[in-house]
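Quick note: UniProt numbering has the sequence shown finishing at residue 217, numbered continuously throughout.
Derived from the structure by calculation, the hints contain no laboratory data. Being a predicted model, the structure only gives us computed values, none of them experimental. Hints should not be assumed to be uniformly reliable.
What the hints assert, rightly or not - Quick list of in silico lysine-lysine cross-link-like pairs, DSSO-like style, CA-CA up to 27 Å:
#, residue 1, residue 2
1, Lys117, Lys12
2, Lys117, Lys80
3, Lys18, Lys7
4, Lys18, Lys144
5, Lys208, Lys13
6, Lys144, Lys12
7, Lys117, Lys18
8, Lys212, Lys18
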Amino acid sequence: MYGLETKLWIEKKSVLGKELATILVGLGALRFGDFTLTSGRRSPYYIDLRLLPSYPSALERIADMYVAVMENEIGMSRLKVAGIPTAGLPLATAVSLRARLPLIYVRETPKLHGEMKMIEGVLSEGDEVVLIDDLATTGGSLLKAASAVRASGGHVSHAVVLIDREEGGSENLASAGIELHAVSRISDLLSWLEAVGGIPVDKVDTIKEYLKEVRSK
Numbered sequence: 001m002y003g004l005e006t007k008l009w010i011e012k013k014s015v016l017g018k019e020l021a022t023i024l025v026g027l028g029a030l031r032f033g034d035f036t037l038t039s040g041r042r043s044p045y046y047i048d049l050r051l052l053p054s055y056p057s058a059l060e061r062i063a064d065m066y067v068a069v070m071e072n073e074i075g076m077s078r079l080k081v082a083g084i085p086t087a088g089l090p091l092a093t094a095v096s097l098r099a100r101l102p103l104i105y106v107r108e109t110p111k112l113h114g115e116m117k118m119i120e121g122v123l124s125e126g127d128e129v130v131l132i133d134d135l136a137t138t139g140g141s142l143l144k145a146a147s148a149v150r151a152s153g154g155h156v157s158h159a160v161v162l163i164d165r166e167e168g169g170s171e172n173l174a175s176a177g178i179e180l181h182a183v184s185r186i187s188d189l190l191s192w193l194e195a196v197g198g199i200p201v202d203k204v205d206t207i208k209e210y211l212k213e214v215r216s217k
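Model the full structure from these sequences, guided by the hints.
Right, here's the structure in full:
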């Protein structure tokens with residue numbers, strides 16, 4: 001049985017997911033069609049969160065959603081947040097400012113001079129680091145970042161994203177000792193949008209079939 005606080009958080013998180021869907025549709029960040037993902041897989045929907053820094057109020061509100069997930073599912077004591085290049089970095093910066101937590105970020109490639117670091121910012125041996133990214137698909141970018149943080153002496157047990165695309169990321173991260181937290185799962189977000197008519201009618205069956213297919217893999 002869930003305790004009262006957990007039940008209240010589950011309800012609040014459901015409300016946050018609906019608000020998130022409204023924000024993304026309003027900004028044009030959630031689109032339906034035929035898209036090729038970084039992985040090479042074709043998807044009937046696309047989420048472009050790189051738009052967010054151009055909308056400061058939306059970015060601030062979404063940063064608050066990340067903070068709420070961290071407060072209720074991880075705890076905020078002695079954490080540092082790490083931005084994942086490139087879409088995760090402005091999000092991590094906003095989260096750092098809203099939560100008043102130290103920020104580091106992971107480079108895509110090591111510096112070619114100086115200490116040839118993969119991590120920018122202050123990371124000390126034993127620091128607890130939570131990874132911040134926009135989406136989780138297979139979890140590849142988060143796993144790469146976790147490896148870099150761990151190689152530099154940090155501890156990584158948690159990653160937070162805005163949306164879990166439910167394409168194996170949670171399972172892949174769990175195998176590396178990392179728990180994935182998301183403001184919303186894509187299935188929940190799309191189910192609510194379908195209920196309120198926020199998905200083109202001719203795309204509903206295609207999206208449902210896509211979600212069923214990726215979950216079965």
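Tested hints:
no.: 1; hint: Lys117 / Lys12; result: violated, 40 Å
no.: 2; hint: Lys117 / Lys80; result: holds, 18 Å
no.: 3; hint: Lys18 / Lys7; result: holds, 17 Å
no.: 4; hint: Lys18 / Lys144; result: violated, 31 Å
no.: 5; hint: Lys208 / Lys13; result: holds, 23 Å
no.: 6; hint: Lys144 / Lys12; result: violated, 32 Å
no.: 7; hint: Lys117 / Lys18; result: violated, 40 Å
no.: 8; hint: Lys212 / Lys18; result: holds, 22 Å
Checked against the numbered hints listed earlier, the structure breaks hints 1, 4, 6, 7; every other hint is satisfied.
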